[in-house]
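> One line per chain: the protein sequences are A and B, in this order. Here the first sequence is numbered in the working numbering, starting from 1 and rising by one per residue. Here the second sequence is numbered in the working numbering, starting from 1 and rising by one per residue.
What the hints contain is simulated information worked out from the structure, not anything from laboratory work. C-beta atoms are modelled at their ideal positions from N, C-alpha and C, and glycine is treated no differently. It is possible that some hints are incorrect.
Said to hold, decoys possible - Covered stretches of chain A (in silico footprint by chain B; criterion: 3 or more residues with CB under 8 Å from a CB of chain B, positions within the stretch not fixed): (1) 61 to 69; (2) 143 to 154; (3) 271 to 284; (4) 318 to 329.
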Amino acid sequence: MKRFVFGALSALALTSTAALAEYPEKEIQGIIQWGAGGSTDTVMRSVTPHAEAALGGTVVMQNMTGGVGAIALNHVVGEDADGYTLLMGAENPMLYKIMGLGDKDYNDFTPISILARGTPMLVANPDAPYNTYAELMDYIKANPGEVRFGATGPGGLPSVVTAMINTIEGDLDVISVPYDGDGPALTALQGGAIDVMPAVLGAAIEGVRAGKMKPLAVFDVERNEKLPDAPVVTEFNAAFETYLPWGPFFGVFVKNGTPDDVIAKLQAAYAEGAKHPDFVELMDNRGFTMMGISGAEADAFLSKWQQGTAWLLQDAGLAKNSPEEFGIARP
Amino acid sequence: MNFLTVFTQPQLLMLVGLGTFAGVYVGAIPGLSVTMAVSILISFTFSWDVYPAISLMIGIYMGGVYGGSRTAILLNIPGAPSAIATALDGYPMAKRGEAGTAIGVTTVMSFIGGFIGIGVLAVAAPVVSDFALKFQPRDYMLLAILGILLVGSLSQGSLLKGIFAGALGIAIGAVGRDPLTFTERFTFDFRLLEGGISFIAVMIGMFGVSEALLQLHHVDKDAVRQKINRIVPSLSTVKKHLPLSLQTSTIGVIIGALPGTGGDIAALMAYDHAKRVTKDPEREFGDGAMEGLIAPETANNSAVGGAFIPMMTLGIPGDAVTAIMIGALFIHGLNPGPMLMIDQPDMFWFIVGALVMANIFMVIFGLTGIKLFTKIVEMPRSVLIPLIMLLSIVGAYAVNNSITDVYWMLGFGVFGYFMRHYGYPLGPVILGVILSRLLDDNWRRAIISEREDLGRFFEGIFTSPLSLVLFIAVILIFVSQTPLWTRGKRMLLGRKSESTSK
Chain A
1 MKRFVFGALS ALALTSTAAL AEYPEKEIQG IIQWGAGGST DTVMRSVTPH
51 AEAALGGTVV MQNMTGGVGA IALNHVVGED ADGYTLLMGA ENPMLYKIMG
101 LGDKDYNDFT PISILARGTP MLVANPDAPY NTYAELMDYI KANPGEVRFG
151 ATGPGGLPSV VTAMINTIEG DLDVISVPYD GDGPALTALQ GGAIDVMPAV
201 LGAAIEGVRA GKMKPLAVFD VERNEKLPDA PVVTEFNAAF ETYLPWGPFF
251 GVFVKNGTPD DVIAKLQAAY AEGAKHPDFV ELMDNRGFTM MGISGAEADA
301 FLSKWQQGTA WLLQDAGLAK NSPEEFGIAR P
Chain B
1 MNFLTVFTQP QLLMLVGLGT FAGVYVGAIP GLSVTMAVSI LISFTFSWDV
51 YPAISLMIGI YMGGVYGGSR TAILLNIPGA PSAIATALDG YPMAKRGEAG
101 TAIGVTTVMS FIGGFIGIGV LAVAAPVVSD FALKFQPRDY MLLAILGILL
151 VGSLSQGSLL KGIFAGALGI AIGAVGRDPL TFTERFTFDF RLLEGGISFI
201 AVMIGMFGVS EALLQLHHVD KDAVRQKINR IVPSLSTVKK HLPLSLQTST
251 IGVIIGALPG TGGDIAALMA YDHAKRVTKD PEREFGDGAM EGLIAPETAN
301 NSAVGGAFIP MMTLGIPGDA VTAIMIGALF IHGLNPGPML MIDQPDMFWF
351 IVGALVMANI FMVIFGLTGI KLFTKIVEMP RSVLIPLIML LSIVGAYAVN
401 NSITDVYWML GFGVFGYFMR HYGYPLGPVI LGVILSRLLD DNWRRAIISE
451 REDLGRFFEG IFTSPLSLVL FIAVILIFVS QTPLWTRGKR MLLGRKSEST
501 SK
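Just chain B, same shape as in the assembly:
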């Protein structure tokens, strides 16, 4: 019954729409995050009733997760960490004059992913949250290692350079007071380094500023003309990629439902999965492959539904945004926790309804105004480059209202420029920063829990089915990237595979 509340009350409908619209644009601007927008909304909607307040927040959340892809595709600056993987193939498409197609595919795929996430939330929330709770520190650690192995698929070209970039990212992530013991690490007694290096500043600098600097090389070249005849992908395209989008959405829901991980890791893992399972893409990954766009976008939007799963069933936030929404529910006099679904089932169905509505609005706002947006890429470089710089500076400042972050952003921008110039991939740096804490904290928790005994640690891995599966996945993925594996594979199936490929 309450599922329909949002559809039947024009006021709520309008608020979801307004939220989604605002979310798309907040999400598109790097540095302005959905987390920030939702926490501002708490004060803003303080005196409202709980339904309108939640409607607006859900709209912003759904729209914002999608909006991050906009600037990733058009300018190579991910609007949010969850859009990093989108930039890898989305931007090359824009450079070929296919920005319209890229945005169209992204929108439709985000919509599909969003629905799968909401579907799982509506149907299987208790089952998924029980599963998510089973993850022990060692499992989070194995998941982080699995993530680190993505360096292989994110480094276009030299693996060695990719490993260097990934290690650099992990080191950047370790700067500052260690969150478990508050000991200073890599701070060299600079007060400035005590709080760590803002990861968003690193991301904006590495992608945005380095892009602006790189474009200076071609400042006299004409901008790419954008083809905008085909924006909405055809049914056959959607159908063709349906199996992949189902798989990547599943990844999104699960990673989203885990209390320690969110859409950013989900999108990167989905990208890696797509690269692994796509046998012969129409275009190479990193060169504008459709699959490289579909995977992260379905995953990060299905992670939204996923993040609500532990929130609604247990009162445990699935990510930063749901953490704030739990706070909002408290302020509005509800008691989010394991009893919420029992005491107030109507709240659950209302949220599912609002998510469905936000997802529909997202596709509407996403598919309109594309023509206008693609014009951005067609702007002359003398306008585009300053625009990228401006956006980067405003974005970096907005994260913490800190000018220091702007300096970091500019510094990493120049560094990123030289990295790109010498063929070092940037994806692994960001990957390293994202995973640094997940890996570090959980390794320490895991080994402390076993009284710092490696024997007991491995015993734990081999006696838990979940840990064992993750451990085997790590080993398999690792081995499959070594030359030994390729040689062994050739020796075993050598003739057969060669004959089929010829």
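Next up, chain A with everything else stripped away, as it sits in the complex:
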């Protein structure tokens, strides 16, 4: 018996050193922060098979939803830092601390790849009595408390866009109606339950093309080639240049402490996967801007994103905790 245990232990020791040498030697778990069929899910399920080919391993993806993605993030934090559990997420964790949703964020993780960035835009029901961003602002001032904006909860894209508008235009007297995500909110927009929705361009583009919703402004500094006729918000008010370009992003992460060679392998695999023409085309169709960054560049991007957004929400009075408490410097 003793000999068996010893044998088993040494075998285990051997395999674990071998694991370092030839990662991956077993299936890798990919934990997707959001539900099946959503944007994050679609992005991850379309890039990962190409990355798998480059990696020579298998990534088993699983959706773990709840708590704005915090359930999935906490799950991955609880696993070993061996590169066998990947976190596949969106931008939300960078706001957990100031929103009081958790004490962990991407600072506890090493970015494998920040794949792409989305562009926000403001869309309205086609019957709405305003056609541009400027007309909407005038309408809100003339009819306080009448326009219904869709929202997706604190820290979501609509709350950040609304905070930007409030900071620049002064507080708007609108009604903010919460939905589970931009999908259900855009459905409600088409049914007339809400009037205006700040959404990511990729989610609204098909509706705009079909005339089921109309674009009021794209929140970027340059017009989007997917919707060249839609004006950008800086054409109406140059003050937005302070905050733009801004957008949600998608990324793959591993827990801090993962061996460097494993990180390097994963980074190379996802960099390769993100270049695949099928994936590039998919992202382009949905109006996402490809990024494909990792390492120091990704860290810099994340901390800049966090500073800008956290302080924007703090200044708009939407943050639960001040960014200062967590050492997030004012940009």
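Following the hints, complete the assembly by docking chain B onto the known chain A.
Chain B alone, transformed into the frame defined by chain A:
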């Protein structure tokens, strides 16, 4: 033209068949859901062409919705939430030795319901989706209240106990981070409660484990011998129930097409409808009434066609499975949205064709192997009880790969046992959990939209025809369940109805 694609290409035909076959069994195992199976298939079929990938998914979907009824009838464990109502009358039939008949009726009725759903999708998709979009938050709220009133027909026996069970369900559904503001509710600072309580775990525990515990009382009794001489229902049976199945299928299509509701609510509403319109059932509801089986099964299968309606016409998912299929279409380079029907009408007709084929396969796989399945019920209890427990544990674990869910499931199982022991119905608990969020979220959306002004809220109800109809339905159903109504009815028509009944 593309409608026929699936029939003429043997490869696609085979994939639909394979999918349907797998779906029937995935659907039958509680915890393994169609949603899960389809999302796994996305990665699996990644490198395929879009037609084969969609064929396989549609097969799984159609088969899975039907498969949920299997374990509901045989073991009283609904394989999926949409089969909860099926268990109410299906299991009593199995206990009488009529499991074969129950499965036969379920299969044929699912087939009919499935076809009605597909028919509406093919013929009237744009009209139905326009109608579905008209539902405002207040209408969803009224629909949820209408659902809550089903407690009356789901509580066999004491209404008071039914209300208690329903309220418990609503409370369970409210645990965790509130999805609109992310504030914690009823979590008492336990991290475990933050994500809420898995509703599937509650369902499996309440039905499966409590059943196993209850059976321990009769462990020495012989199992019921199953009669399997008549499996396929006769034409006259089908004909007799055709009006009912048409009505319940309509309920299924509409509830299925609404973006916020799916087959589970459709099946429960259809069950309630059947109970209301069936004047003199051959057997009481809850005691093995044929109507109680027909209604939910036609409704949940017609909801499949219904769920595709907003997906194909607007790119809006009708339920969780169609949400994943939209993702699949994106991955395969299509752009699902309002333009899909215009840019690629062939895709629409291909999907209709695949659904028709899956429905046909469903009836074939459904009607074969029944003899083998009914043997499950004939097993000695010393084998059956551990089997139920095993199935429950595996099912609860499979939902989120979480051992916590297994603990919840076992806890609710023991609780459910005591509830049944003291005559509390379990149906309303599940109903409450299902409707909790629909009611809560939409009430808040509705009142926030009206700037928290009740006056404006009611003004909204009375100025919208749709809301007004739903509101009146709520009032009527509510009043018809009060003693005042029965007394009033007797006073008005008293003599007449008494004389006819005697």
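> Take the hints in turn and mark each one as holding or not.
Now the hints, each set against the structure:
Counting residues of the segment 61 to 69 of chain A whose C-beta lies closer than 8 Å to any C-beta of chain B gives 7; at least three are required, and the coverage claim holds. For the segment 143 to 154 of chain A, the stated coverage by chain B is satisfied: 4 residues place a CB nearer than 8 Å to a CB of that chain, which reaches the threshold of 3. By the rule of at least three residues with a Cβ nearer than 8 Å to a Cβ of chain B, the coverage given for the segment 271 to 284 of chain A holds, with 3 such residues. Restraint check on the segment 318 to 329 of chain A versus chain B: 0 residues with Cβ-Cβ distances below 8 Å, three needed, restraint violated.
Consistency note: the structure conflicts with earlier hint 4 alone.
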